[in-house]
Amino acid sequence: MKPELINPLTLAYLGDAIFEVYVREYLIVEKNILMPDPLAKEAINYVSAKAHASFMHNILEKNLLTDEEIAI
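So in this note's numbering, spot 45 of the sequence shown is number 46, and the numbers just go up one at a time.
Mixed in with the good hints, there may be bad ones.
Cut-off 27 Å, straight-line C-alpha distance, at most; resulting in silico cross-link-like pairs (DSSO-like, lysine-lysine) [claimed, not checked]:
no., residue 1, residue 2
1, K51, K63
2, K3, K63
3, K42, K32
4, K51, K32
Keep in mind the hints are simulated off the structure, nothing from the lab.
My request is simple: use the sequences and hints to build the entire structure.
Here's what the structure looks like:
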């Protein structure tokens, strides 16, 4: 897959799904949240437009992305 050839909104859609898997694993393994309802409610704190905007602001501020990644 060549991300530079894919619509950014499509990439964001795919990225959300992948990111949510990592968030769920973190919440289950590290935070020991095992029930579906509390798990879903806590996941929203990590997987939402507001959370993503905050995350992106932080990694851009810390220069953690390459110029190519920022362009995509």
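Would you pick out the hints that fail for this structure and give their numbers low to high? When the structure is compared with the hints, none of them turns out to be violated.
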